[in-house]
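Residue numbers (this note's numbering), protein chains in the order written: chain A, 1 to 368; chain B, 1001 to 1583.
Treat the hints as calculated values from the structure; they're not laboratory data.
Misleading hints may appear alongside valid ones.
Each computed DSSO-like pair below joins lysine-lysine, with the alpha-carbon atoms no more than 27 Å apart [unchecked claim]:
id : chain 1 : residue 1 : chain 2 : residue 2
1  : A       : K339      : A       : K253
2  : A       : K274      : A       : K223
3  : A       : K116      : A       : K86
4  : A       : K307      : A       : K339
5  : A       : K141      : B       : K1506
6  : B       : K1506     : A       : K116
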Amino acid sequence: MSNETTGAYLQVDNLVKYFGNDKAVDGISFGIPEGAFLTLLGPSGCGKTTTLMSIAGLHTIDGGRIKVGDTVFTSPKEGLFLPPEKRDIGMVFQSYAIWPHMTVAENVAYPLEIRKIEQPEIDDRVADVLKLVGLTAEADKLATNLSGGQQQRASLARAIVSKPRLLLFDEPLSNLDLKLREQMRVELKRIQNEVGITSIYVTHDQSEALVMSDEIIVMSKGKIEQRGGPVEIYSRPVNEYVSNFIGVANLLKGKVLEVNEPGQGLFELAQDGKQVQMPCQLSPGIAAGEDAVLSVRPENVHAVREKDGDTTLEGEVTFAIFLGSHVDCRVQWGDFEWKVIAHPRTRLKAGEKVYLKFDPEHTLAVQP
Amino acid sequence: MTTEALSPTRERSPLNNRLRAMLTQENIITLVVAIIVAGAVVVPLAVLFVSSFKVLDPLGWDTTWGFGNYVEMFTDRIIPKAFLNTLIISSGSTILATFLGVSLAWINARTNCPGRDYLEPYNLIPFFLSPFIGAIAWHNLGEPQTGLLNNWVRDIFGVDWALINIDNIYGVIWVTGIFFAPLVYLFVVGSLRRMDPSLEDSARTTGAGLIRTTMTITLPLVMPGILSGAIIVFVTSAGEFGVPFKLSAPYGWETLTTQIFSKAVGDDANHFLGAAMSMALGIITVLLIWIQQRYIAPRSFTTVTGKGFRPNVLDLGPWRWVAFGYNLMFIAVAVVLPIVCLIIVSLHPVWTGKIVWADITTINYVKTLFWWRPDAIAAATNGIVNSLILAFGGASIAMVMALVISYMIHRTKGFGVRMLDFLSVVPIGFPGIVLAMGVLVTYIQTPIYATLWILMLAYITRFFPYGQRNISSIMLAISEELDQSSRMAGASWFTTLWRITIPLLKPGLFAGWILLFIIFLRELSISIILFTTGTETLSVGVYYLTNFENEPLTAALSMAQTVLLLIAIYAFRRFAGREALTA
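Make the full structure from the sequences, and use the hints.
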């Protein structure tokens, strides 16, 4: 891993953090190039927020090293700990953390006052950044009189006004309602692009991660499961956990029979005494003869009425719901119920017998 | 890893860095406060414990170690009776205060009693006034020969016997009961008011009547609040000094506190026996408070429903006027009558039990307040100055301490936080007189003895938890992220405290400050043990006048104290909520 992270702008090496006897973060390492937008994605308790807090300096860490540019933020082994206020980071909190006893403009001016910047410059920069987030009209309102979305913008303005070297987001959209959340995703991404500050974003919402990020790190139990761009994470998950966490997937246990060329092989499913073989893509590190998990997205399973040379399985439609752009079906095969997204033209109905076809490009054998 | 070897920071000495990393503003300040608190709370109690095993020889020259003091507590002529009297008084006043507090809270929170929004502030006034003054007032109302009430009854009905005699342990129960009723009221009224009315409504739909619903649903739901209030009243009554000192001790009913007082400063002074008695009282009260904090307070049912709902109240029909009259009666006996009586008595040159219009004079106020005869009643004039110094200074210092302690408990996770949390409950468990004994035996041979500082130290040690709880309740309500975002904005720990945390805590700081100001202004049971000539406090001045001068002078100083307290209560009502009190 260390090869991958050298030369990056933010560098986290072997980060370890305990809470009591629980290992919240278990030796993770990653780096980000300057200006990138990285998302830490995972369910609650996976260590993503702990990682963020460690970068912020709001936690001390128990092992490893965090470095931005030439500055070491923390490294317990060397006895180094830079207090949070010396790290020059902007942060947007889940609760927005807008100070209720100050106006919007006072909130935003605070980081600049702390940095002892001259008043005229403070006024200019506050006005600029309020314009950027669209809060110019609200500048003199008390923070408590803002709506949730406006507080979110004010919080972002306060985080970026001092042009910090790093921007951290701790699930900033989770308190907003769905519609506002979808709108703010785009807005946040636009503003981050505009200011170009290296950003780390923590969320448990996979669609948020897919929309906003340059890169995603999927975490579980304090470890990194997979790192990659949104398309890669979605279309080439490396293991059962990631397949399951991102999007919807049909997951079946089976065995890799043989490896043909690098990254491609033959997978065998066993169900009710029936054995089925199909060509598949192999995720890294899987060898012939090993147990693996078949992972196929519902939109990559094709249900047809007529049997032909490419069909592999025969099953019965248990239900089909017409959703306009597509039909959401379940196809019973032995004990397993396949999730299938069919084209509306197929007009599949419950009780029908169908044959399933798989596209080898999108049929993955992943690690359990 | 290669990056580490290249790092320029690698050169520094790791140990040196580690030490430097620990020496933050935050760690230094919190460590200092932790040491001060531990010293202030633990040292006097430890010395008290050790001293209780020192036995004074009959001549009073030398001491030996042993259990003699504890044996004497059971064999003495007076102490066992004092124990029993304390038990009777505490039980009696607990029953009375609980009955009054719960019934008044229920009337105010759950019924359509007329004018209930206006009554509540008056129901709470006794909580802030001095029970010692209450005892003095009720002595002048209910003394068999000169009591105003008795004389009114004699005049109106032409009888020649006294209606009541307040000078006995029942009088003590009466006065402590009505003065501590607001404690129970405060513990109960909040949960009654927040209670989801559908809980009662669903009982009514099953066919249960009003009384049955109240007894089987309403009261059980607030039972933890009632029990908490009752325990606090029991403990406070057991530690109360002024009321038994005025109403029962002179007539042959000694209590533990009056006995501890006589062992501390009386003619038969024996600090070590006093220490043993304080230990006995302290162990009982601390145990009760521990039970309350540990088992009862956490069981308070949260019956709060959504936001902004106004619970339905019960329609009492014509009985609402009975409830109204009952509430007025309470305010009359707890607030109006005592104050009116004190005013009347204070305006007479001598008090004979009857109002003599021709004699009305302000001479007593001039004497007590304006150094008319400084030699005789210096205690009174000193007391006013000293109490104001103690109240302003003590409340300010205590709130600074309380702020740092609350911050540590709620915002840091480091070593010593649990201990600090514990230490800030301990003083609540010990009556003022017990802690004062500990402070006395600890500091009697140091230079701070016989100064105002020792009083301030004891006041703060005993009462800072009240201030701390006021702050904590707000600190729990404001998100830690508000502090963290200031750190992320580049502000240091201290700047964050100054510009973010303190402004947000202002209401709690202010409420706590006034509460402590009020407590310190009327404080008696600590002051009575630790004062010397020149360091008398207001309540000690009242004690002096009632002991060595006459009732009109006493009443005048009592009124002065009461007026000061009423002003502070007004400020408290203006700027703080009811929640500030029960914490």
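Evaluation of the provided hints:
1. Only pairs whose Cα atoms come within 27 Å are accepted, and K339/A paired with K253/A is accepted, the gap being roughly 16 Å.
2. This hinted pair does not check out: K274/A and K223/A have alpha carbons roughly 37 Å apart, beyond 27 Å.
3. A hinted pair counts as satisfied when its Cα atoms are at most 27 Å apart, and K116/A with K86/A qualifies at roughly 14 Å.
4. Under the criterion of a C-alpha separation no larger than 27 Å, the hint pairing K307/A with K339/A is consistent with the structure, at around 19 Å.
5. Taken as a hint, the K141/A and K1506/B pair is honoured in the structure, with Cα atoms around 21 Å apart against an allowance of 27 Å.
6. About 26 Å separates the Cα atoms of K1506/B and K116/A, which keeps this hinted pair within 27 Å; it holds.
In the structure shown, a violation is registered for the earlier hint numbered 2 alone.
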